[in-house]
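First to last, the protein sequences are chains A and B.
All residue numbers for the first sequence refer to the numbering used here, where the first residue is 603 and numbers rise by one.
All residue numbers for the second sequence refer to the numbering used here, where the first residue is 167 and numbers rise by one.
Hints were generated in silico from the structure; no laboratory data involved.
Note that the structure is predicted; figures quoted are calculated from it, not measured.
Glycine included, every Cβ here is placed at the ideal spot set by N, Cα and C.
It is possible that part of the hints are untrue.
[Unchecked claim] If the Cβ cut is set under 8 Å, some of the chain B residues that face chain A in the computed set are:
1) F263
2) F270
3) F293
4) F467
5) V471
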Amino acid sequence: MSYFELLKLAAPEAIVVVTALAVLTIGLTTTRALMLGPIVAVLGVAIAIGAVVMLPAQANLFGGMLVISPLNSLFKIICLLLAIATVPLVSSEKSLPNPGEFIAMLLLGSVGLMLLVGSEELLMIFIGLELLGLSLYVLAAFDKTDIRSAEAGLKYFLFGSTASAFTLFGISLIYGMSGTTALAAIGQKLTTLPLQPLLAVGIVMTLIGFAFKIAAAPFHLWAPDAYQGAPIPSAAFIASGSKVASFVVLGKIVLIGFGPVHGSADWHAMIAGWSPVLAALAALSILLGNFVALAQKNVRRLLAYSAVAHGGYTLLGIVAGGREGFSAALFYTSIYAVTLIGAFAVVGVVRRETGGDDLQNFSGLAVRSPFLAGSMSIFLLSLAGLPPLAGFFGKFYLFSVAFHAGGHHGLLWLVAVALFGSFVSLYYYLIVLKVIFVDQPSTSTSQQLNFSTFALLRTTIALLAAAVLFLGIMPQTLAARIIASLP
Amino acid sequence: MNYHLALDGISLTLVLVTGLVAISAVLFSWDVADRANEFFFWLLLVVGGSYGVFLSADLFLLFLFYELVIVPKYFLIAIFGSTNKEYGAMKLTLYSFFGGALVFLGIIAVYVSGGSLDLNQLAQFQFAPQLQAWAFPVLFLGFAVLAGIWPLHTWAPTGHVAAPTAGSMLLAGIVMKLGAYAALRVAMNLFPQGFQMWRTWIAVFAVIGIVYAAAVALRQRDLKFVIGYSSVSHMGFVLLGFATANVFGVSGAVLQMFSHGVIGALLFAVAGRMIYRRTHTRELDALAGMNLGRALPFAAFTFVVASAASMGIPGFSGFWAEITILIGAWKSYPVAVWITGVGMVLVAAFTLRALKRAFFDVDLANVGTPPPEMEPITIPEKLGAGLLMFATLAVGIYPKLLLDRIQPAVEAMRFLK
């Protein structure tokens, strides 16, 4: 193994790091970082995507530390695309002090995403998690003039570091039991081991760390404050890229590493393992997220609680397990990420125009800007799961595999909870749309902004809305790719 | 999902009523001035989605169009409605979405067990009886919420009252039919055994709906509430027709969908547009003093025709529809026919009461005084009303026009065999 070989396989990550450094330099040397930074970042990430495409189909370095597979490459591309979509949101923040630094942190976070997605070894996964986490803590607290941003950063940091500690402890227990940190080897080892208490503790502790990352209840407490307080692009990134990568890794860990101790979450036939744990997290997240979202008056907080619920839906696919289940979960989390960045982009523009992101700031948006109102309704209705938007097919795949899984439709209870939850969710999405379309605009709090400053942001919103529509009409384009990439 | 459309006698009848009601709804919306573009945008979405439901031969496509109707309906009511509009709109939408969630579960069950979403293929597939036993009620109830099945009918009166005139016309004329049509096409046709297990319950709920809604309508003070409850009562006939599980009953139910679509739209057009826009009240007590029969003779004439059709007087479409349903029901549930007879008397009672109070009540105090000056009925209103009156009369005089097309399609359905 020569270093040249390593560099070739890690080229996408290297390119993103170089781009991050370049953007940092631009931020330090010029005053026009807000203009130049996003352009350089988007170009660099685009080149990195090209590099991912050029990678060989299969490769495995250092016992799983860096794995190239169709699945990993596909999700590296998806994560990078999400990063590209997030960058233009920077222009929605009025008082972001150093846009260059901000974008550089965003790119370093993306490197964390790529490491996370591209590794099948517990230690490397942990490093990826930490790299991602550290970037996100900084991003959340980036707006030094805003006390809420500081609160968001601090909360996210405290919860996140505790969760990391749990994960590390869990990983060390699993290493102690199985004698290896590579997922495939752990999977083989566990087939011969009975589910002893120590192993159960190790598994549960590892899962807690991920439950924090995907904001599954009861480990979601950071999410509302982080979503509400952090600068818009940070919140969008936390909700999209970070979540997608976490689901990819969570799926790999439980399905490859912990596969033999799957257990069963079937009604009346539960068997100890990780799947009842995840099923309980899913049910709790769906119920709690949806019901608490009903009472929210701030759109970002509402999106945060709905994110908790969506994390719960996605877990359904992983609980169902198997190739179909995993691919349904990955499809759902990908389209969810696309939709949520779009929603945050609209919130960003509204916040810039009206100075806030409470529900009342959205009143009469349909009159002020039909474009924003139309896009927001596409995003929200997709989150609500109405056809023909992407969210509907995501839910359909998820609920179908969960319904199909197990013997005698054992997961029907979870499907019923999820359906009930999505019924409840329709109410609060509809309330936002009601405020947008029905309520009268509040008295001239809005200032019309220079159109050109938002050109990039508007284009992004339009593209994301088009993507949500397209994936709703032709879901196979992405779903078939995901399932084909799974072994 | 395949974009697969198909048409048989049942769909044809419903496509016809959708077209009639949609055209007259536009004619009755001639005066919409505020945010008119948006109004017609939502209105056309509802109409387009309804056509889609009636024509879909793919279960996914059907569900897509079915859900596509709900959100525009919300905005149509919440933005352009009257009386308590946001409450009415939200109630209606949540009921619809509740039904949608049940339907979604049913579709997942169909897809996972049947392995296809094409309705023609699925109609050949034998589903396991255990599955049918629980999937049929889930699917049927999910659709029947939109058809106003008792006791999940309460969205209908409030929704109808809150909606703008064209909105009520579409709701009563088309949207309630979506639920009934899909219940027939999907739930009953795919799960014949489940249907046989549960059809007595459907009949019970249907009969309760007919009598209960008619009794409630008798006590309403708002003219639109009277018509709203009469819609629930009439849709009860459709469900009773389904429950009979014979050709007469089901064909009658489809004819009743057509008939009520036309009549319901006509009644709402008179109440919401012809009367309310000129008098600014729909309270029967207030209308009673206005001598509307003299002031608006055309409105009175239209309402008389619509009431007669609604009561099932021979010569109008309602008569043939209800008589066919009752013949069918006599074969399956004789008791239901007796109870429904009581319901029909109540329907006649509340219809006549509303008719008299709204148009022909004369206060002794102002006998002989000239009727109040009112803006005359406009040409679009006359055209819209004329179109609907013609439809109910044409089918009333020559019912074979539709029945000859409905019956073969019904005979082809699986649950009859």
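Hint check:
| no. | hint | result |
| --- | --- | --- |
| 1 | F263 | 5 Å, holds |
| 2 | F270 | 6 Å, holds |
| 3 | F293 | 13 Å, violated |
| 4 | F467 | 37 Å, violated |
| 5 | V471 | 36 Å, violated |
Of the hints listed earlier, those the structure fails to meet are numbers 3, 4 and 5, in rising order.
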